[in-house]
Structures are given as structure tokens and as C-alpha cells.
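**Student:** Top to bottom, those sequences are chains F and C.
In this text, residue positions in the first sequence follow the working numbering: the first is 1, and each later residue adds one.
In this text, residue positions in the second sequence follow the working numbering: the first is 1, and each later residue adds one.
Just so you know, the hints here were simulated from the structure itself, not pulled from any lab data.
Note that the structure is a prediction, hence the values are computed from the model and not measured.
By construction, the Cβ of each residue, glycine as well, lies at the ideal position given by its N, Cα and C atoms.
There's no promise every hint is true.
Covered stretches of chain C, as calculated for chain F (at least 3 residues, CB under 8 Å) [what the hints assert, rightly or not]:
(1) 406 to 420
(2) 502 to 510
Short derived list, chain F residues pointing at chain C, Cβ under 7 Å [to be verified]:
(3) A52
(4) Q53
(5) N86
(6) I91
(7) Q139
(8) A143
A short list of chain F residues far from chain C (calculated; beta carbon distances all over 12 Å) [claimed, not checked]:
(9) D51
(10) L156
(11) G165
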Amino acid sequence: MIAVTSQVDQPDRALVEPLPPAGTLPLTSTLGSAAAAAKEPRRKFVVFALDAQHYCVDIMSVREIRMAQTITYIPGAPKHICGVINLRGSIVPVCDLRARFGGRETVLLPTQRIVITMIGGRAIGLLVDDVLDILAIPQIEIAPVPQADGDNDRPLFRGLISHNGTMLILVETENLIDPLTNVPAN
Amino acid sequence: MSRSKTAPTGNRMSSLEPFKATYFQECEELLVSLEAHLRELGAAPSSREPLDAAFRAIHSIKGGAAMFQFARMVALADALETALDRARSGRVAISRSMAGRLLSATDILSDLAEAARSGSEAPDGHETAALAALAALDRRATRTTKPAQAKRRVGPTTSKRTNVPSCTEPEVARPVAAQPATYRIRFEPGPELLRRGLEPIAIVRNLKALGKLAVSADVSGLPAFAELDTAILYLRWTFHLTTSAPRATVAAVFDFAATSATVEIVELPVSAPTSASASVSAHSPPASPFDPPTQADRRTNDRENVADRRGKGSDRRVGSIRVELPRVERLVDLVGEITIAQAMVLQHLDQTLVTQNPQLFRALTGLLKLSRTLQDSVMAIRAQPIQTIFVRMHRVARDSAEQLGREIELHTSGETTQLDKTTVEQLADPLMHIVRNAIFHGIECPDVRLAAGKPAQGTIRLSARQRGSRIIVEVADDGAGIDREAVLSRAIAMGIVPAGAALDDAAIDNLIFSPGLSTAKTISDIAGRGVGMDVVHQNIRKLGGHIQIRSSCGIGTTTIISLPMTLAVLDAMKLTCGLETYLLPIAHILECMVVRRSAILNVPGSCKVIEVRGKQIQLISLAQRFGLPDPQQSERVAIVLAEIDDGSVIGLVVDEVCGHQQIIVKSLRDPALAAAGFAGGTILGDGNVALILDVNQLVRGAAMAAARTPRSMRVTFNAEFNAA
Numbered sequence: 001m002i003a004v005t006s007q008v009d010q011p012d013r014a015l016v017e018p019l020p021p022a023g024t025l026p027l028t029s030t031l032g033s034a035a036a037a038a039k040e041p042r043r044k045f046v047v048f049a050l051d052a053q054h055y056c057v058d059i060m061s062v063r064e065i066r067m068a069q070t071i072t073y074i075p076g077a078p079k080h081i082c083g084v085i086n087l088r089g090s091i092v093p094v095c096d097l098r099a100r101f102g103g104r105e106t107v108l109l110p111t112q113r114i115v116i117t118m119i120g121g122r123a124i125g126l127l128v129d130d131v132l133d134i135l136a137i138p139q140i141e142i143a144p145v146p147q148a149d150g151d152n153d154r155p156l157f158r159g160l161i162s163h164n165g166t167m168l169i170l171v172e173t174e175n176l177i178d179p180l181t182n183v184p185a186n
Numbered sequence: 001m002s003r004s005k006t007a008p009t010g011n012r013m014s015s016l017e018p019f020k021a022t023y024f025q026e027c028e029e030l031l032v033s034l035e036a037h038l039r040e041l042g043a044a045p046s047s048r049e050p051l052d053a054a055f056r057a058i059h060s061i062k063g064g065a066a067m068f069q070f071a072r073m074v075a076l077a078d079a080l081e082t083a084l085d086r087a088r089s090g091r092v093a094i095s096r097s098m099a100g101r102l103l104s105a106t107d108i109l110s111d112l113a114e115a116a117r118s119g120s121e122a123p124d125g126h127e128t129a130a131l132a133a134l135a136a137l138d139r140r141a142t143r144t145t146k147p148a149q150a151k152r153r154v155g156p157t158t159s160k161r162t163n164v165p166s167c168t169e170p171e172v173a174r175p176v177a178a179q180p181a182t183y184r185i186r187f188e189p190g191p192e193l194l195r196r197g198l199e200p201i202a203i204v205r206n207l208k209a210l211g212k213l214a215v216s217a218d219v220s221g222l223p224a225f226a227e228l229d230t231a232i233l234y235l236r237w238t239f240h241l242t243t244s245a246p247r248a249t250v251a252a253v254f255d256f257a258a259t260s261a262t263v264e265i266v267e268l269p270v271s272a273p274t275s276a277s278a279s280v281s282a283h284s285p286p287a288s289p290f291d292p293p294t295q296a297d298r299r300t301n302d303r304e305n306v307a308d309r310r311g312k313g314s315d316r317r318v319g320s321i322r323v324e325l326p327r328v329e330r331l332v333d334l335v336g337e338i339t340i341a342q343a344m345v346l347q348h349l350d351q352t353l354v355t356q357n358p359q360l361f362r363a364l365t366g367l368l369k370l371s372r373t374l375q376d377s378v379m380a381i382r383a384q385p386i387q388t389i390f391v392r393m394h395r396v397a398r399d400s401a402e403q404l405g406r407e408i409e410l411h412t413s414g415e416t417t418q419l420d421k422t423t424v425e426q427l428a429d430p431l432m433h434i435v436r437n438a439i440f441h442g443i444e445c446p447d448v449r450l451a452a453g454k455p456a457q458g459t460i461r462l463s464a465r466q467r468g469s470r471i472i473v474e475v476a477d478d479g480a481g482i483d484r485e486a487v488l489s490r491a492i493a494m495g496i497v498p499a500g501a502a503l504d505d506a507a508i509d510n511l512i513f514s515p516g517l518s519t520a521k522t523i524s525d526i527a528g529r530g531v532g533m534d535v536v537h538q539n540i541r542k543l544g545g546h547i548q549i550r551s552s553c554g555i556g557t558t559t560i561i562s563l564p565m566t567l568a569v570l571d572a573m574k575l576t577c578g579l580e581t582y583l584l585p586i587a588h589i590l591e592c593m594v595v596r597r598s599a600i601l602n603v604p605g606s607c608k609v610i611e612v613r614g615k616q617i618q619l620i621s622l623a624q625r626f627g628l629p630d631p632q633q634s635e636r637v638a639i640v641l642a643e644i645d646d647g648s649v650i651g652l653v654v655d656e657v658c659g660h661q662q663i664i665v666k667s668l669r670d671p672a673l674a675a676a677g678f679a680g681g682t683i684l685g686d687g688n689v690a691l692i693l694d695v696n697q698l699v700r701g702a703a704m705a706a707a708r709t710p711r712s713m714r715v716t717f718n719a720e721f722n723a724a
């Protein structure tokens with residue numbers, strides 16, 4: 001019932017290397033812009049959808065991607081924590097990214113995915129609409145986010161990536177957790 | 001420690017390096033036990049057990065320190081050992097003050113060990129005072145004995161102190177206890193000695209351990225070979241033993257054989273020859289030609305060896321191994337999974353099938369029983385008595401009291417209360433802070449106390465007990481209590497509380513957990529910087545606990561810490577409310593009942609109340625509290641009466657009580673979840689997470705805002721999704 005769609009234990013064996021053999025992952029892999037210098041070190045990102053927009057997170061912070069499963073509601077928890085799940089015997093909180101980014105609270109659907117990330121040494125699930133792809137992007141293709149609200153020392157987004165005509169928003173996972181809990185990340 | 005001095009043996013050091021960590025760990029445990037035993041000794045100076053135990057501990061500490069060449073530790077440990085040995089041999093009576101000195105020396109020894117562990121050097125002369133104090137004990141002890149002996153003893157010990165013992169000795173020489181004497185011992189065992197499973201070789205070994213031994217066997221009793229009965233002992237022995245051990249110790253060697261042997265011990269003049277004509281090596285087993293050791297013999301032997309070791313003062317071990325924590329954690333996790341799997345099996349098992357099949361029923365009951373035992377045993381591995389940190393508090397109290405010139409007596413109770421190892425470790429700092437605080441802010445100076453009609457000596461009570469799924473640790477002092485006026489004015493001055501705010505006493509007391517608040521007029525290194533209690537508060541919160549303070553002016557302050565027993569297996573009742581499932585630890589539950597809704601009295605604007613056997617009980621509706629939709633407007637509801645920490649009773653209104661279940665408590669240590677105030681979570685038979693209610697928090701919290709999104713939709717969907 002609850003299947004692990006993909007498990008990425010050692011996600012970054014070699015940054016430039018293509019993804020593991022097809023079949024182990026239902027996700028397709030494409031390289032970043034072909035124009036990018038071949039020698040430029042690339043980082044890999046997990047791309048996911050939230051409503052109509054595409055976001056991505058550094059694959060180094062992703063532990064695994066899971067199908068939607070029952071999320072136990074925690075009364076009194078912060079608004080962005082939609083509950084907890086059972087991750088092989090340990091209890092892991094799930095962050096409703098949509099709510100975290102200021103949107104409405106998510107209603108669960110079986111097509112959704114939970115991206116288990118390690119944030120500040122703890123496992124946190126990110127509830128997203130779908131996981132689309134894993135991309136290898138050279139560092140230089142990451143553009144800064146134009147800061148509308150001036151100085152923000154804990155920005156939620158690290159940059160913007162333009163890929164095949166789509167804009168990806170690179171999420172800074174480390175900063176997801178702090179304002180979320182009002183407790184220092186350590 | 002002083003590696004430069006030990007350059008020639010550098011190779012040996014490096015080969016021992018891997019064992020150093022183990023030694024320090026062991027040393028820490030030994031220091032804890034040493035301190036505990038010394039304190040016990042201070043309370044009951046004439047008791048033998050703690051004295052022996054303390055001696056064994058210090059002996060082991062010294063041995064290890066010598067092996068790793070921590071010269072300063074060896075010197076101090078040696079002085080301590082000497083003092084304890086004197087007490088053991090009865091040449092000096094243990095008194096409270098002596099126990100106090102020994103304790104202070106132990107504190108210094110811990111410092112030296114800590115310095116050695118961190119690779120630094122303790123300040124020069126750190127142990128001088130302790131050594132001097134121990135030496136003073138020594139002199140006092142020797143004054144009571146014969147001057148000739150005193151001279152002998154003072155010589156080696158003082159030289160050892162000025163001139164640190166050579167560390168290449170595998171075992172630092174034990175202090176010479178008394179002038180050696182030579183005994184001639186005739187041992188004539190009765191013929192049935194072997195039949196009783198006693199082994200003469202053990203006697204030889206034990207005697208040999210006491211000193212220089214010459215043995216001669218009298219074989220005149222041997223019959224002709226054909227007539228030899230292997231179960232009869234025909235031999236007699238004469239021992240010449242030169243030993244400094246007292247005569248009683250020598251006689252004690254023969255204790256076990258006393259009923260079946262004649263033993264004659266004669267002290268010879270010092271010049272008497274110790275060689276006997278027909279002496280055989282002490283190594284040759286006298287009984288062996290006739291008596292291949294039987295199992296019974298070996299067993300006796302072991303027992304004797306144990307006795308022997310005890311006599312020699314080395315460590316008596318129950319037998320333990322060191323296991324890396326991850327392995328234990330894996331075991332704990334697996335046991336947790338078994339519990340869940342078991343719940344799953346039971347959930348899907350056809351009840352009629354079980355009742356109709358007595359054999360299946362029996363097998364199942366047996367299995368449940370076994371897995372329960374397994375759980376308890378595995379949890380016991382991780383659990384640690386809180387004693388390990390309580391013991392440390394004695395030193396904290398001693399040091400702070402000394403520094404402030406106050407007299408403090410620290411009482412502890414419930415030391416055997418078991419807590420998860422990590423919790424115990426992380427509780428140490430907050431607890432230390434609270435104890436210091438109690439001494440600094442709570443206990444008054446002796447003259448103030450006397451003026452207030454209290455005994456000059458302040459008392460701090462440290463206690464631990466289990467209450468349901470939680471462990472309650474209390475620190476109670478009989479000091480002045482919290483100066484509420486000062487706290488409030490300080491809080492107002494700092495802007496923590498708006499001026500003119502009306503706060504009740506409890507609220508003011510709990511203001512001391514606010515960051516930066518300190519009412520101390522002077523700042524010292526013990527307390528007064530105002531960074532203490534809020535950090536304590538945070539640390540306890542991190543452990544999933546809560547902290548409360550109760551104070552009454554002039555009578556004292558009590559700090560109450562309530563901690564979850566993380567990872568513990570717990571008996572709980574499964575409650576449903578809407579479509580959510582919650583668990584309530586059985587220890588909190590007084591009774592469950594089903595009532596009509598009409599029986600509930602709704603006090604408008606306040607709360608709901610029900611009358612149970614003439615008593616009005618406040619009700620808390622879980623659905624309302626948690627903002628859950630309440631789709632089942634059934635006529636009847638279930639009410640669970642639960643007792644909270646302060647002894648009062650509340651009723652929880654739920655839809656249904658679904659029965660008892662064993663659960664593994666998984667902590668919701670994540671700060672995002674700890675804030676929600678549950679005792680933890682668990683995983684149910686269906687693989688979903690369910691939350692464990694903390695009734696104390698339920699009482700405190702206000703109703704949550706009505707459902708943000710209709711939770712039931714989400715859960716209904718999930719239920720379907722899971723069923724698919």
C-alpha cells in the first residue's frame with residue numbers, strides 16, 4: 001500500500017554521472033542546458049510541482065521520495081506541519097509546503113508525494129503535488145532571486161533556474177524549518 | 001597525562017591508546033560508585049559493605065590510572081586507597097568527617113580524571129590539599145597504633161607522595177599493612193573433605209596470596225595403592241606462612257573447611273626458619289594425584305576464587321559487557337516492530353477461531369507473554385537508574401555550599417527510577433543548575449535560618465518517581481521561597497510583564513524561566529547571571545518534558561520536572577474521536593463510562609461538568625480541544641476519568657473507548673511537535689501514527705481554534721486510500 005517510489009541513499013556518488021540505471025527510478029533524468037560548459041561542476045536537484053509552479057531542492061538533502069500515505073494530524077502543531085507519518089518505525093513530521101509558502105492548506109490526494117529531506121539533522125517530509133524529475137544543473141545557471149522584501153537573512157529560496165523554458169524555484173531547505181518551529185534548528 | 005615524562009614507554013602508551021576511552025568510561029562509573037559508597041559510609045560509618053565496595057572501586061581506578069601512566073591520579077588514588085585500607089583493617093575508625101575528606105579527595109580525583117580525559121593538565125597543586133588531608137588521616141591513624149609500625153608506614157607513603165610511584169609497575173605496590181609475622185599452620189582435613197566438594201588446593205592458593213608460603217605435605221596417612229579410595233583425603237599439610245596480614249585473615253582462609261578439618265595456627269618468633277624439610281612447591285596441587293577435579297570441585301573452586309578476590313579487594317563483577325549504543329537501539333527498534341506486528345496479528349485474527357481452538361489460544365497467550373518479557377528485558381538495557389546523576393548532585397551541593405558558606409544536606413530518594421540513557425545524560429546539566437539555584441537563591445545563610453526558627457542546615461530533597469508514562473523529578477528546598485515581589489518588579493523592569501499586570505502566585509513563580517531574569521544582587525560563578533532557568537526550561541522541553549515551580553514564602557521552593565519515558569513500552573487505552581485515534585496511558589485512567597449526552601451539564605461560557613457518584617468532574621471534549629469535527633452526534637458518548645499529576649481528576653469526552661493496547665512510545669522530539677504537548681506518538685497495527693495524550697497538558701491548554709480545514713475529509717480520504 002505504501003510504496004517507496006524511489007530511495008536515494010547515496011544520492012551524489014558522482015555529480016556529473018548520469019542517474020542510476022533506468023528502471024530503479026521512475027523518474028527521468030536529463031542533463032542541464034547542453035550549452036553549459038562540460039567542465040562546470042553540476043549539482044543535482046529534485047524537481048517537484050506545487051500547483052502550477054515547479055520547485056526544486058538539492059538532492060543532497062533528499063533521503064527518499066514516498067507515495068502519499070496517511071498523515072496523522074497533530075492538534076496544536078504549527079500551521080505548516082500537516083502532521084506526522086510512520087517512516088519505517090520512526091515518526092517524521094510532514095511540512096505542507098504549500099501552506100509554508102503562504103498558500104492554502106493542502107487536501108491530501110493519492111497522487112501527491114512526500115519528499116523526505118534531512119533538515120538540520122532531522123528527517124522532515126515535504127508534501128508536494130508531484131515529483132517530476134531530477135536535473136543536473138551547473139552552478140552558474142542558478143540565478144539569484146530578486147528580493148522584493150529587501151534584506152532577509154533566512155530566505156526560503158536560494159535561486160532561480162531556467163530549464164527548457166520553465167522556471168524552477170530552488171528551495172533552501174535549511175531555512176524551511178526555523179521559522180516554522182520558532183525554535184533554533186539545532 | 002604527563003606524556004613527556006614517559007617518553008621511553010611511548011610504544012606501550014600507543015598500544016594502549018584504544019583502551020583509554022574504555023578506561024575513562026569505566027573510571028567515570030567507578031568514581032560514581034565510589035562516591036555513592038563513601039556517602040553511604042558517612043551515613044553509617046560502621047557498615048562494612050560500602051567500605052569494601054569503595055575500596056574495590058578506588059583500587060580499580062588506581063590500577064587503570066597506573067596502566068595509562070596518569071601519575072597524579074595514581075598518587076591521589078593511592079592515598080585514598082591507603083586510607084580506605086586502614087579503615088578496612090580496623091586500624092582507623094571511619095567517621096563522618098573522614099568520609100567527608102575522602103569525598104572531597106574523590107572530587108579532586110574526578111577533576112584529575114576529567115583533565116586526563118580531555119588531554120589537558122589539571123592546575124598544578126590541585127590535589128595538594130586533598131593529599132594533605134589524607135595524609136593527616138594517616139598520621140592520626142598511626143598515632144593509635146604501635147610507634148614502630150607507624151614509622152614503617154609513614155615512610156613509604158610519604159615518599160610515594162613526594163615521589164610519584166613509578167608507573168612501569170603493573171600494579172602500584174600496596175601499602176605495607178603491618179609488620180610481617182610467620183605462622184606455622186597445621187591443616188589436618190578429615191577424610192570426608194573431598195566428598196563435601198572442598199578442594200585443598202584453594203586453601204594453598206589463598207594462603208599464597210597472603211604472603212610467602214612454604215608447604216609440606218604429610219603423606220604418612222597414605223594406604224597401599226590397592227586400598228586407595230579416591231574419594232578419601234589421606235593427606236595432611238603444614239604451612240609456613242610469612243605474611244603481614246592479621247591472624248584473623250589467615251584463619252579465615254580455613255573457614256570453609258572448619259567443620260571437617262583440624263586447623264592449628266601458631267605464630268612463630270620472627271627469626272624462626274620458614275623452610276620445612278619436605279617442602280613442596282605451592283604450585284603442586286596436593287590432591288591432584290588422587291583427585292581429578294570433578295564438576296563439583298570446580299564449582300567450589302570458583303566460589304573460593306570469588307571469596308579470594310573479595311578478600312584481596314579487587315573488583316567483584318556481576319559480569320558485564322560493553323555494547324555500542326547503536327546495537328542496542330537496533331534491538332529496541334526491532335522489539336518495537338514486534339509489538340506493532342503483534343498488534344497487527346491480533347487485529348486481523350478471527351476471535352471465534354481463537355476461542356474455539358484452545359491450543360491456538362494457549363500458544364498465543366504464551367507468545368504474548370514472551371514478547372512482553374522480551375520487551376521489558378530489552379528496555380531494561382537502555383534504561384539507566386537516575387542514580388548516576390543524583391550522585392553527581394551531591395558534589396554540586398557540597399561545592400556550592402562550601403563556596404557560599406551555607407550548610408546543606410542533600411537527601412535523595414527514588415534513585416533506582418529508570419530512565420532512558422540519553423534522557424539521563426541530558427538531564428544532568430539542567431538538574432545541576434536547579435540544585436545550584438536552590439542553594440544560591442533558596443537556602444538562607446545559617447544565621448538567617450536560625451532567626452527564622454529553622455535548623456541551621458538547609459535541606460534539599462531530590463526525588464524521582466514514575467507516574468504513568470512519565471518520570472517526575474523533584475528538587476525541593478526548605479529555603480526562603482521565591483521573593484515574588486522582587487521577581488515581579490524585575491520582570492516589569494525588563495519589560496517581560498507589562499506594568500500593573502495582575503499575576504497570580506504561580507504565574508509569578510514561573511516567570512523565573514524567562515530569559516535574562518535574575519534577582520540576585522551579586523553575580524557569582526554559581527548563579528545570578530540570569531541565563532540559568534530559561535536554559536533549563538529549554539533543555540527540559542527538548543527532552544519532551546515540562547517544568548514547573550511551586551514556592552511558598554519562608555517554607556521553600558519545589559521544582560518539578562516531568563519527563564517522558566522515551567522508547568518505553570506502555571499499556572494504553574485506545575480512544576477514538578471523530579476519525580482520529582488517540583492513546584491514553586492506562587496509569588492515568590481511573591475508569592471509563594458511557595453516558596447520555598444529556599447527563600453532561602454545560603456551564604455556559606465555562607466548561608462541561610458531569611456528576612459521578614456525587615462528585616463534580618470537569619470534562620474536556622477531545623473533539624473540541626483539538627478542533628476536530630464531530631460528525632457522530634450520537635446520543636451516547638464515552639467518558640474516561642483520568643488522574644493528573646496534582647491528583648485531581650478530569651473526564652475526557654471521546655466517541656469510543658476501543659480497548660487496551662501495548663504501545664511503544666516514540667518521542668516527538670521534533671520541536672515543531674513537542675510544542676503541541678503530547679506525551680509522544682506510537683505506531684498502530686495498521687501502520688499509522690497515533691498520538692499519546694498527555695492529560696496534564698490537556699488540562700492546561702485552551703481549546704484550539706476550530707478545525708482549520710475539515711480534518712475528517714482528509715482522514716476519510718486516507719481511510720479509503722489505505723483500504724485500497
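**Student:** If a hint holds in the structure, say so; if it doesn't, say that too.
**Tutor:** Hints versus structure:
no., hint, in the structure
1, 406 to 420, "violated (count 0)"
2, 502 to 510, "violated (count 0)"
3, A52, "21 Å, violated"
4, Q53, "21 Å, violated"
5, N86, "5 Å, holds"
6, I91, "5 Å, holds"
7, Q139, "32 Å, violated"
8, A143, "31 Å, violated"
9, D51, "16 Å, holds"
10, L156, "16 Å, holds"
11, G165, "35 Å, holds"
Of the numbered hints given earlier, the model fails hints 1, 2, 3, 4, 7, 8; all others are met.
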